[in-house]
Amino acid sequence: MVKVLIPSGALGLGYDRAALSRGIAAKPDIIAIDGGSTDSGPHYLGTGTSKYSRNSTRAEWAELMEARAQAGVPLIIGTAGTCGADSAVDWLVDITREIAAERGESLKLAVLKSGQSADMLVEALEKGRITDLPAAPEISADILRNCTNIVALAGAEQIQAALDTGADIVIAGRTTDTAIISALPLARGCHAGGAWHGAKIGECGALATTSPNSGTILIDFDADGFTMTPMGDEARATPHTVSAHMLYENSDPYILYEPGGYLDVRGATYTALDDRSVRVTGSTWVPSDTYTVKLEGARQAGFQTVSLALVRDARYVEHINAWCDDIVEKCTAKAQARVGGEFNIELRVIGQNATLGALDNHATIGTELGVMGIVTAETEALSREVAKMLNPYLLHHPLTEQEEMPTFAFPFSPPEMPRGAIHEFCLNHVLELDDPMQAFRLTTEEIGA
Amino acid sequence: MTRLADIVPKIRSKNAGPFWLTVDIFCGNANVFDRVSAAIHSEKVAELFQMQQDQLKRFDISDLHVVKFSLPRPQVQGVQADRDMHGASFANLLAELDI
Chain A
1 MVKVLIPSGA
11 LGLGYDRAAL
21 SRGIAAKPDI
31 IAIDGGSTDS
41 GPHYLGTGTS
51 KYSRNSTRAE
61 WAELMEARAQ
71 AGVPLIIGTA
81 GTCGADSAVD
91 WLVDITREIA
101 AERGESLKLA
111 VLKSGQSADM
121 LVEALEKGRI
131 TDLPAAPEIS
141 ADILRNCTNI
151 VALAGAEQIQ
161 AALDTGADIV
171 IAGRTTDTAI
181 ISALPLARGC
191 HAGGAWHGAK
201 IGECGALATT
211 SPNSGTILID
221 FDADGFTMTP
231 MGDEARATPH
241 TVSAHMLYEN
251 SDPYILYEPG
261 GYLDVRGATY
271 TALDDRSVRV
281 TGSTWVPSDT
291 YTVKLEGARQ
301 AGFQTVSLAL
311 VRDARYVEHI
321 NAWCDDIVEK
331 CTAKAQARVG
341 GEFNIELRVI
351 GQNATLGALD
361 NHATIGTELG
371 VMGIVTAETE
381 ALSREVAKML
391 NPYLLHHPLT
401 EQEEMPTFAF
411 PFSPPEMPRG
421 AIHEFCLNHV
431 LELDDPMQAF
441 RLTTEEIGA
Chain B
450 MTRLADIVPK
460 IRSKNAGPFW
470 LTVDIFCGNA
480 NVFDRVSAAI
490 HSEKVAELFQ
500 MQQDQLKRFD
510 ISDLHVVKFS
520 LPRPQVQGVQ
530 ADRDMHGASF
540 ANLLAELDI
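So the sequence lines, in the order shown, correspond to chains A and B.
Counting in the working numbering, the first sequence runs from 1 upward without gaps.
Counting in the working numbering, the second sequence runs from 450 upward without gaps.
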């Protein structure tokens, strides 16, 4: 009834071009692709920027705009520019205008923005309209006002409003991964449980198939459920690859919360139609009494400068923890005396337990170790200053006072690598809305020739 | 001793949003699933992550031959003390578990 073509799990990840062509030939009703997630960390939301390069994004987006022109159907992207903040949406809108002008194509563009004002959220917090999700951090009016970006995750309703404008291309800020896929099937009366379940299976492109790198899949939604067919030549969907995808990045493999309700797949049955396609029926959509959207926010958490020293001397390798502890203690005292301010010095031993830290219970040490010095401070200048004070220790610190001055290896000059401002996520909450569009802004414009 | 990684085809850990971590143990078939499901104690898993057991969610999914654990991330993703932005390496804690 409604065919949604999903070129890949995210714009910038790439896909098999033959698979995309096969998808266009299957006459989809819409082409939907995700533009990001929180998975690469708080920097992107904190700064409102994209993780992927502008040139890669532009190249893939131009190909999808060509695919859209061939198919003659809408093209939609959710969570534009990795984080879906307003500035990241503007970035992709600029790219889209450039491509449309180059192609000499005249297009109607709908833009849905998800950025939230701190003042509005402070008021909502005071009115009890913001609720924590499990493992949420404490929030306050100050924390909300300190966020550099806060976004709300749009659901199917806001995407439907954008599609209702008759746009050729929809660029949406932060949305749930699934909403860009489920919106059209839901609007056309397909099975609600099937629409959300299919959208979850499809949100990572071909990840729910035997050939994840092929990217492109087609999901055909109908009145009872959905059928998923990979477009890659070698790719196959099986009941196992499809049902196992509910595990992926989901804390609960049966339930998925979305604005306006939740999906329950406990009753789903997965049937192989042939050696490529799987049909799914029996999933349920449970509407909620109130309409809530999830919030994501990031704030600045200081400035960082990192250094890397390499230790190859067997005696120092053997006593690395004592060496590091002594350096942190002495350098902290020196920096407090000479410059002061709020800062933290951490040394992580690469080759010992830099990955898992105190949780590692099988750490073994080889012939060499990397010592990563991480200085975090309240200002950029202070982080660099303390990192410079750390340098002589990483270069020459002896294990005992009665020994010749050692020298360790540095791969770079200068050894300090400023990382600039660092950010942290500070919201895991939902916001209650009276109307789904209340927290979102939809505009349209004509672009291109 | 047999380690979990020696008997199952795949163990995967991943963020489930910035505040949660989820670990999927793919057992491959019903026999291994039954063995793993019986042999892995939630207390032991909570101990591996140095966390309170009441925060640990467990799903024994026989249809998929998967045992899944979800927990609040040991450190919120991307904070100063976090070491693994995607949470992918926590799977090793389970892989190295003696069973």
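If you are wondering where the hints come from, they were derived from the structure by calculation, not from laboratory data.
Cβ atoms here follow ideal geometry from the backbone N, Cα and C, with glycine treated the same way.
Treat the hints with care, since some could be wrong.
As the list claims (entries may be wrong) - Examples of chain A residues lying across from chain B (beta carbon under 10 Å, computed): (1) Ala135; (2) Tyr270; (3) Asn428.
Stated by the list, open to error - For the chain B half of the interface with chain A, some residues (derived, Cβ under 10 Å), not all of them: (4) Asp455; (5) Asp483; (6) Val515; (7) Asp531.
Now the hints, each set against the structure:
no.	hint	verdict
1	Ala135	holds (4 Å)
2	Tyr270	holds (9 Å)
3	Asn428	holds (5 Å)
4	Asp455	violated (14 Å)
5	Asp483	violated (18 Å)
6	Val515	holds (6 Å)
7	Asp531	holds (8 Å)
The earlier numbered hints that this structure contradicts are 4 and 5.
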